[in-house]
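Protein chains in written order, with the numbering used here: chain A, 20 to 325; chain B, 14 to 342.
Every clue listed holds true.
List of simulated lysine-lysine pairs, DSS-like, C-alpha gap at most 25 Å: (1) B:Lys-52 x B:Lys-260; (2) B:Lys-142 x B:Lys-169; (3) B:Lys-223 x B:Lys-52; (4) B:Lys-264 x B:Lys-290; (5) B:Lys-223 x B:Lys-151; (6) B:Lys-52 x B:Lys-264; (7) B:Lys-106 x A:Lys-234; (8) A:Lys-234 x B:Lys-142; (9) A:Lys-234 x B:Lys-146; (10) A:Lys-191 x A:Lys-112; (11) B:Lys-146 x A:Lys-239; (12) B:Lys-312 x B:Lys-290; (13) B:Lys-83 x B:Lys-102; (14) A:Lys-80 x A:Lys-66; (15) A:Lys-239 x B:Lys-151; (16) A:Lys-239 x B:Lys-169; (17) B:Lys-146 x B:Lys-106; (18) B:Lys-98 x A:Lys-234; (19) B:Lys-223 x B:Lys-106; (20) B:Lys-106 x A:Lys-239; (21) B:Lys-83 x A:Lys-234; (22) A:Lys-239 x B:Lys-102; (23) A:Lys-234 x B:Lys-102; (24) A:Lys-234 x B:Lys-99; (25) A:Lys-76 x A:Lys-66; (26) B:Lys-276 x B:Lys-312; (27) B:Lys-142 x A:Lys-239; (28) B:Lys-146 x B:Lys-169; (29) B:Lys-276 x B:Lys-260.
Not the full set, but computed from the structure, chain B residues with beta-carbon under 7 Å of chain A: (30) Met-75; (31) Leu-77; (32) Arg-105; (33) Arg-108; (34) Ala-109; (35) Met-114; (36) Ala-122; (37) Leu-123; (38) Asn-124; (39) Pro-125; (40) Val-126.
Simulated from the structure, these hints should not be mistaken for lab results.
Backbone N, C-alpha and C define an ideal beta-carbon position, used for all residues, glycine too.
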Amino acid sequence: MGNFLIRRFFNGILSLLVVALIIFVLLRAIPGGPFDTEKAVQPEVLKNLEAYYGLDKPAWKQFLIYIANAVRGDLGVSYSQLGYSVMDLIKDKLPVSVELGFYAMLLAFVMGIPLGVLAAYYHNTVIDYVSSFLAILGRSIPNMALAPLLIIIFGLTLRWLPVARWSTPDSKILPTIALGLAIAAAITRLTRASMLQVIRDDYIRTARARGLSEKRVIFKYALRNALLPVLSYSGPLIAAVLTGSLVIETIFAIPGIGRYFVISITNRDYPVVMGVYLVYGAFIIVMNIIVDILYAWADPRIRLTK
Amino acid sequence: MKQDNQKDNLLVDIRDLNVAFFLRQGVARALANLNLQIKRGETLGLVGESGCGKSVTSLAIMQLIPEPGKIMSGEIHFNGEDLMKKNRKQMRKVRANSISMIFQDPTSALNPVLTIGDQLTDTMIVHQKMGRKAAREKAEFHLNEVGISNPGRQLKQYPHELSGGMKQRVMIAMALSSEPDLLIADEPTTALDVTIQAQILDLMLDLQQKYNTAILMITHDLGVIAEVTDRVAVMYAGKIVEQTDVKTLFKEALHPYTNGLMKAIPSAVADLADHEKLYTIPGNVPTLLELPHGCYFQKRCHLVSEECRSRHPEFTERSAGHLVRCFHV
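One chain only, chain A, in its complex shape:
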């Protein structure tokens, strides 16, 4: 276990380096630069700006400087927001996105797993059809449509909940639903499919043949096996959800980090792009390590090798 963690940690660092290099190269490969505006900037000014941000140096040197600074915890400053360091941006915005993402994932698991189990257990009955219909519906409605719909119904018509912002607990309900519902639908479908397969397995027949109750058969004998695919699916999904959503954060005016994944690119704000995507990469790496550990715990046939 200790060996496993050390190995995966260094693998993760290496992966992050590669990710940083790829983003760095791609950023410079796309046309346009951080200081391109509609009105042409004076060449002298541009030169000064580039010198100030170190963009006049050769690309490989810029990259090495970036990495050297990053190791010390300095991810540079934003080009578009003066005096705002990328580290500050992450510290300010990421916790909000993580909180929203956490609620959304919680909703997704709490809804998706029971619905999936029910649908599988009552396969080809009304319960299955209703649950599968809801799942397909939830999967098909894009959250950019669902969010305004929720706002109109619960915010404007019924006036139960605030229409936007991220402050009081009740203001967090609609964004959570808008973000979590589609994920809940995905987890419902995955759980159902996996459960359907597992309850046909021989060891389920054995458990029934030994006189165990259906409840025990499902929860003790089937569920743990059925959740293994859900577990592996969840790792990258959680990483994506915790790092924010452009659509939801924009619609609800939530000060999360999700929107920076897009606007930093349109602004060619190199340090912010590098910063947010490296955070995303780090989340994916960490989540995968956690999933692997959980997997080994849930399935004794898997051993964490050195």
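Model the placement of chain B on the given structure of chain A, informed by the hints.
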């Protein structure tokens, strides 16, 4: 008086059992008016090709016919009570205490994510209301009984850490831990090595003696039949076609299907020089979706006549306890 004795001696009495599977292609009649009796403490062999209804018979006794199958009619008396009339909870009690089952492939029959101990003690804790510690001790006792050394350690292991033969021993320990009246063994040795097969069969017979358990031995292996059974029922396309004691079966099998099976056993003494091919029964098993009118075996039978095509042969008793479903033997 004698009749009463016989009745008491009867453990399982299946009467006119009909099981059908409702498939997209139509209705498959898996069992048609099946009648079968098992006496206390005896070993009854149920033999036939794949898909002839052997396993369906056993699952019907357990009331565990999987979807889309259904028991259409019939009675299954067990210890004098009709299992068809029992509700789910009562049936669970029967499964936990009186009827046990072991399956063909012990690897898939054991849950991969639970320890042997967990699976072995579960029924004891739920149905026999035993404490965790007492259940563990009982489990150790039964593992010891099926020849597993160091049972304390095995209880903590997962199925994948055991060999196939060991897993089947665990299944047997699990099955016998409730000291059942009936043990249904559905091809218990098919998935095992030949050397392990004999050990497992010996073990089952030993424990049968000890607990006076009746065994329903389902197999397509006539070697297993010869070795362990007292009586044999031969099934074909959802019906029993011949039923007798094991000695009579091997000496003077009457039904053309049974004879075909006997001829299809590879023989070690056959003259290898003449390159004679192993005998096979011509034709195929009829599909259960469209069973022929009359005798189900007619298309593969060398004795077939007009009569066989017009009506289904009933059982006739040729000698004491030797029942055959054929017009021509």
